[in-house]
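Sequence lines, in order, name chains A, W, U, P and V. So the first sequence is residues 59 to 426, counted in the numbering used here. So the second sequence is residues 59 to 426, counted in the numbering used here. So the third sequence is residues 2 to 247, counted in the numbering used here. So the fourth sequence is residues 1124 to 1354, counted in the numbering used here. So the fifth sequence is residues 1124 to 1354, counted in the numbering used here.
Be aware that one or more of the hints could be misleading.
[Claimed, not checked] Result set (BS3-like, lysine-lysine): computed pairs, CA atoms no more than 27 Å apart in a straight line:
{"hint": "1", "chain 1": "P", "residue 1": "Lys1168", "chain 2": "P", "residue 2": "Lys1245"}
{"hint": "2", "chain 1": "V", "residue 1": "Lys1168", "chain 2": "P", "residue 2": "Lys1245"}
{"hint": "3", "chain 1": "W", "residue 1": "Lys107", "chain 2": "A", "residue 2": "Lys226"}
{"hint": "4", "chain 1": "W", "residue 1": "Lys402", "chain 2": "W", "residue 2": "Lys364"}
{"hint": "5", "chain 1": "A", "residue 1": "Lys364", "chain 2": "A", "residue 2": "Lys402"}
{"hint": "6", "chain 1": "A", "residue 1": "Lys107", "chain 2": "P", "residue 2": "Lys1168"}
{"hint": "7", "chain 1": "W", "residue 1": "Lys300", "chain 2": "W", "residue 2": "Lys226"}
{"hint": "8", "chain 1": "V", "residue 1": "Lys1168", "chain 2": "W", "residue 2": "Lys300"}
{"hint": "9", "chain 1": "P", "residue 1": "Lys1245", "chain 2": "A", "residue 2": "Lys107"}
{"hint": "10", "chain 1": "A", "residue 1": "Lys107", "chain 2": "A", "residue 2": "Lys226"}
{"hint": "11", "chain 1": "U", "residue 1": "Lys104", "chain 2": "U", "residue 2": "Lys153"}
{"hint": "12", "chain 1": "U", "residue 1": "Lys83", "chain 2": "U", "residue 2": "Lys39"}
{"hint": "13", "chain 1": "W", "residue 1": "Lys107", "chain 2": "V", "residue 2": "Lys1245"}
{"hint": "14", "chain 1": "V", "residue 1": "Lys1245", "chain 2": "V", "residue 2": "Lys1168"}
Note that these hints are calculated values from the structure, not bench results. Nothing here was measured: the structure is a model prediction, and the numbers come from that model.
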Amino acid sequence: MTLDVALEHRFGNFEIAISFAAPHGITALFGRSGAGKTTVINAIAGLVKPRSGRIVADAATLFDTSRGIDLPTHARRIGYVFQESRLFPHLSVRQNLLYGRWFAPRAVRQQRLDDVVDLLDVARLLDRQPGELSGGEKQRVAIGRALLASPRLLLMDEPLASLDEARKSEILPYLERLRDEVRLPIVYVSHSISEVARLATTIVAISDGRVARVGPTAEVMSDPDTFPLMGRQEAGAILPAKVLRHDLHDGLTELVTSGGRLLTPRVEAPPGTDVRVRIRARDVILALAEPQGLSALNILPVTIRKLGSQDGVVVDVAITCGTDDLLVRVTRRSVERLGLAAGKSCFAVFKSVAVARRDISTVDAKPD
Amino acid sequence: MTLDVALEHRFGNFEIAISFAAPHGITALFGRSGAGKTTVINAIAGLVKPRSGRIVADAATLFDTSRGIDLPTHARRIGYVFQESRLFPHLSVRQNLLYGRWFAPRAVRQQRLDDVVDLLDVARLLDRQPGELSGGEKQRVAIGRALLASPRLLLMDEPLASLDEARKSEILPYLERLRDEVRLPIVYVSHSISEVARLATTIVAISDGRVARVGPTAEVMSDPDTFPLMGRQEAGAILPAKVLRHDLHDGLTELVTSGGRLLTPRVEAPPGTDVRVRIRARDVILALAEPQGLSALNILPVTIRKLGSQDGVVVDVAITCGTDDLLVRVTRRSVERLGLAAGKSCFAVFKSVAVARRDISTVDAKPD
Amino acid sequence: ATTGTAAESMRPVVVFAAASLKNALDEVADTWKSETGKTAAISYAGSAQLAKQIQQGAPADIFVSANIQWMTALADANLIRKDTARDLLRNRIVLIAHGRNAKAVEIGEGFDLAGRLADGKLAMAMVDSVPAGIYGKAALTSLGIWGAVAPKVAQTDNVRAALTLVARGEAPYGIVYATDAAATDAVTVVATFPERSHPPIVYPAAITAESDNSDAGNFLAYLSSPAARGSFERQGFAVLQTSPTN
Amino acid sequence: MDWLSPDEWTAVRLSLQVSFWATLVSLPFGVLTAMALARGNFWGKQLLNGLVHLPLILPPVVTGYILLLLFGRRGAIGAFLDQTFGLVLAFRWTGAALAAAVMSFPLMVRAIRLAIEAVDPKLEQAARTLGANSAWTFVTVTLPLILPGILAGAILAFAKAMGEFGATITFVSNIPGETQTVPSAIYAFLQVPGGDASAMRLVLVSVVVAVTALALSEVVATRVARRIAAK
Amino acid sequence: MDWLSPDEWTAVRLSLQVSFWATLVSLPFGVLTAMALARGNFWGKQLLNGLVHLPLILPPVVTGYILLLLFGRRGAIGAFLDQTFGLVLAFRWTGAALAAAVMSFPLMVRAIRLAIEAVDPKLEQAARTLGANSAWTFVTVTLPLILPGILAGAILAFAKAMGEFGATITFVSNIPGETQTVPSAIYAFLQVPGGDASAMRLVLVSVVVAVTALALSEVVATRVARRIAAK
Ligand SMILES: Nc1ncnc2c1ncn2[C@@H]1O[C@H](COP(=O)(O)OP(=O)(O)OP(=O)(O)O)[C@@H](O)[C@H]1O
Ligand SMILES: Nc1ncnc2c1ncn2[C@@H]1O[C@H](COP(=O)(O)OP(=O)(O)OP(=O)(O)O)[C@@H](O)[C@H]1O
Ligand SMILES: [Mg+2]
Ligand SMILES: [Mg+2]
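Looking at chain A on its own, in the form it has when it is part of the complex:
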């Protein structure tokens, strides 16, 4: 499936002109507050009628001003997790969860209530009214409600913003499964780079009502130009890898990359699985010689490809590791002290524990 969006809209003197195409998978809309993310999602849902444009999901044209098509919202079969939960106050949590099922054709009912209830840990809440829930609980129920509608396209507007880390790390793998196993396309709005890096197939960076950058996640994330959009702390590259084996004693997983072997905390995927590993630029140390006696387990030979701007305190260094690119962020002082320059060979050092479970994601094996 592909998602093809082109729309123009105007609120007062705020103009939105967005157009992007995304392949199957999770498309992350990324941008500052007020950039226009919710507006785009609303247009896909049919809740905002753009002045002109075209929205095609898979083969289905949801909206097309030139052809006079404007599918009503209920016929679009989308699931929408709103920025504010919008639970039905007159229905119990259970009834809220099951609401969409009434309308989903029996054939497409994929999600089971019990599974979703377990995933979101809302069993305790099933007989409550929405008025009796905490903020995060509301949001979890809203996610469940959208999932259980068995949509053919899921829209999520900052779904995890009000959830704690532990909850987030339970839900993220589930969204990956939806993406990879159920092959449910998802449009995902988030301000969290780590969420986006982990989940997104495609990143659409929106700024002031325009598309600032579109592309595959790995590409966008390792492009220094997009760092200002994402916040420097989170910049980093995404390295394709394959699971080699699991060390049962240590609980570590050995991955093969084009530049050598990597050790990371256990990845829940059988040997042979393709994964992608996000390695933040700030986590990597460059060493002139191969260091010894370090607790860091990953030391890979690399070549400096390019030095970024040297105007600031820090310098972004693009390095080649095998056939893949990595990013390292060092201080300008280090660049000077170590005499770093393009073409120089050195070693990239980083800790296994710096690669968190959430930095590793399984790869959607059959992109179309």
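Once you've looked at the hints, dock chains W, U, P and V with the ligands against the given chain A.
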């Protein structure tokens, strides 16, 4: 000022029994979704009447069942940023912002509209109605509205959850200034450990309606027992330091700690200022010998104080650096390979860039 | 419509009667029932309302009006059987005053009602539309004092409301039917208007053109019977005809 | 209680019957009209709005008279209903119910309309995204949310129907056992000397009945509202 | 237009005046009562609720009679008002306004009450946290949010006042130029054979007036509602 909270309440079969005391500064309520954070804040605001308890802010008793005191909400002079923005739909953004001013005694009107408008970047929105704002815009206005009421106690329930990183990093220093300069006590609910680590004077970890842990931020954050509460990725120690000097050429700041000198990206504080630096356990590498030719600028001699549980993949190592404690997280494989053990001397290595601007906070100099 | 003798004989006679007749007619209907076993269902409302309903095909068998105008209007439209029409009762209008012991007054040409009223009101039914009011206005006009009194008249939608105003002392004087005045202690009849001063106040009755109830004639006849006479007279009406039969 | 005569009992029963059916039958129309007025955007909306309020604006006698002209046996609609459905309204209790329904319709519609206007359209949008079309959205979201308003409208209509007099007596007259409701009976008593006491007894009865209904409806409404309460 | 006689014009003017003042003066009481019923929790709330609805339940004549008993010159309250403030209601247009106000009060209160019940208490809580006490919260938050409801209540009351007849004529009778409102005039015409045409002219006038007021109120309400719209 101190904040003294003891309360018991019950929702259906969910029991809340919270009691903690916090010194002046920012008190962070931390805990999973549904733990009872909003309930505590609501009780302080007088919006939930606990079945029994006592709430004292500064010398003022806001609530005390044993003495029959229950100050009405409007007389408590609190500013409350709600989890959902709760803007007044019939008032423009400007009127929303100024709402609290009408009721604040002239003498205490500290915040100027223009300052707050600038800080929150809402100038463009002043004449809009709340219905015409994006999610993050609403939240910013709600923050401004609470600030402009010139409260003597600020309650913030996940105020930054719906904001982008850039916005967050503009607002965080402002909250620090409120804490340190205006000396406004703040009770802050957040799921973001980095926010909490940076802002909080005191952390109150709440779990299932009880207080799981209370204490000064540095103490709670470096206590391995609280890691599960916070998510392992964010665990780390907070190191007290003093600004030594700024290197104008490099843009680096040199800090003095009890264990040696540290280089970090420029800290906006004059030499001599006390600061605290959060150093995440996952960012530190241990080396048996002092490594050479590394891009990492900070290499401090340390002694291993204690090894944490060795049951898992990773081991939390407590080290002593001068007179302060640091935490390092390494794999069990590294522990074995390097023969790490209590009492062993080694070197802690970490990058300057791993210490983000948001990990360094100025210290409230006059705790009481 | 239903036919069949069983149903027919069970059907009550439907009487549309001016509301001021309620007490008397209820009593008459009760005695008729105890004598014949037949019932009359009496709908009391304003004569105008009832007449309009009959114009619209109301299932009434008998119409008893409080004035001649509406009966005439129905007769002109052939909605009543003219041969059955008769003037049933007569009434008088009286001047009443608030209180138990008001002094009687002499009504004559040009008597100073306006002066007696001072700044009080004269309570009457609507002078151009409700029968009691129409008669009252006619009387005052013929006495030559309407012009002086008119600005002080408080008109009500029915004569009972006028009575209430005087009974409560809101208005010092009022003009009502003699039948109304008799019943309350709160007012005193201070004078009865001369019969010559206004058109005769008669209550005509007739069987409607559409009536197919064979008992209608009986009941109408019974209204003029000596048995009924007592009931009417007890309420202050004068019975105009007594049928020889019964 | 034998301080009411059988006829009076009949009037009380009839009033209840008339008010109940008037309220019940007009309720769906009330909801539809309120929906059209609150949400619709069609030509003649103001006209419809005016028409709905007409019984409020006109003296009841006029409304009754218009009903008589339209729904009487000789009236255009009355004749049609009679011939087509065998439904006779004129001078029947059904006519009294029609008069009561018409007179109370503006109150019912306004209450329901206010409730509809208070429903957050965002919830309806949410229902749409979950696959509910307009009709289902209305039934599953809007309708339950406006229940308190519908209840308020119904009870207001019921109370009004219990007190309705002018239009009723003008349209269907005051025939004991068929169209004599409590207010008509009260009226008749008030028209003759000595009827005040009887009238007062009936007033008391209708007050007791209506206030009981009112109190009941409050209880129900509170319960419904509590369920929906905290948005 | 000279197809209305001067007397009829007077009646129209008087009806407008009576309805306007009845609505305006009862509005604050309506808001207070609605507030008490919607939010209050006091002994006798059901009693107050019943009392408010009484004019709906009772035949208008009875209400008029009760008004006469209470507010007539000899009535308990009437005498007091007369002696204390020199305020006479009996046989004055002010009395007509009182009757209209009482008769339309239940409609007004219900509309406003529904609006109050639809206000999200969370917004009022927010106002409290910002330092507004109950009174200020009401004035700055609740009141503006219920404006559409107040408007609806007012227009409903106005319409009802324009059509009020039974209680008015019973209480203040029908004195041309002082208490003869349009409905009384219409009633008079309907009582005589052949008066229908004249009655219909007046009906038309009052319909035009009331429907205009209605349409105006809709426009205002829509504007107010749009401002508040998207919560
Ligand atoms: N009105 C209510 N009725 C019943 N239970 C309630 C009610 N309000 C809150 N609760 C329960 O009380 C607990 C604490 O709620 P609270 O809102 O304080 O949580 P929280 O810590 O703020 O969570 P979150 O991070 O999700 O906002 C939750 O389990 C919630 O389900
Ligand atoms: N109804 C409206 N009227 C006027 N302007 C609007 C309206 N709705 C949204 N806007 C403006 O359009 C822009 C985009 O809004 P949108 O809700 O899409 O932002 P967003 O990217 O979702 O932001 P956030 O992250 O804060 O939710 C914002 O600047 C907002 O102020
Ligand atoms: Mg948004
Ligand atoms: Mg909460």
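Within a Cα-Cα threshold of 27 Å, do Lys107/W and Lys1245/V meet the stated pairing? Cα-Cα ~15 Å, so holds.
Can the restraint linking Lys402/W and Lys364/W be considered satisfied, given a maximum Cα separation of 27 Å? Within the cut-off at roughly 10 Å; holds.
Just to be careful, I want the Cα atoms of Lys1168/V and Lys300/W compared with a cutoff of 27 Å; is the pair within it? Violated, at about 67 Å.
Between Lys104/U and Lys153/U, is the straight-line Cα distance small enough, at 27 Å or below? With a Cα-Cα distance of about 21 Å, the restraint between Lys104/U and Lys153/U holds, given a limit of 27 Å.
Hint check: Lys1245/P vs Lys107/A, CA-CA at most 27 Å. Holds or violated? Distance of about 15 Å is within 27 Å: holds.
Given the hinted pair Lys107/A and Lys226/A, is their Cα-Cα distance within 27 Å? Judged against 27 Å, a Cα distance of about 32 Å means the pair is violated.
Run the distance test for Lys1168/V versus Lys1245/P: straight-line Cα separation, threshold 27 Å. 34 Å, violated
Decide if the proposed pair is consistent with the structure: Lys364/A and Lys402/A, CA atoms, cutoff 27 Å inclusive. Judged against 27 Å, a Cα distance of about 10 Å means the pair holds.
Restraint check for Lys83/U with Lys39/U, where alpha carbons must lie at most 27 Å apart: The given pair, whose Cα atoms are some 25 Å apart, holds under the 27 Å limit.
Does the alpha-carbon distance linking Lys300/W and Lys226/W stay inside the 27 Å limit? Holds, because 25 Å separates the two Cα atoms, which is no more than 27 Å.
Verify the proposed pairing of Lys1245/V with Lys1168/V, using a straight-line Cα cut of 27 Å. Between Lys1245/V and Lys1168/V the Cα gap is close to 24 Å, so the pair holds against 27 Å.
Holds or violated: Lys1168/P with Lys1245/P, Cα cutoff 27 Å? Judged against 27 Å, a Cα distance of about 24 Å means the pair holds.
Consistency note: the structure conflicts with the earlier hints numbered 2, 3, 8, 10.
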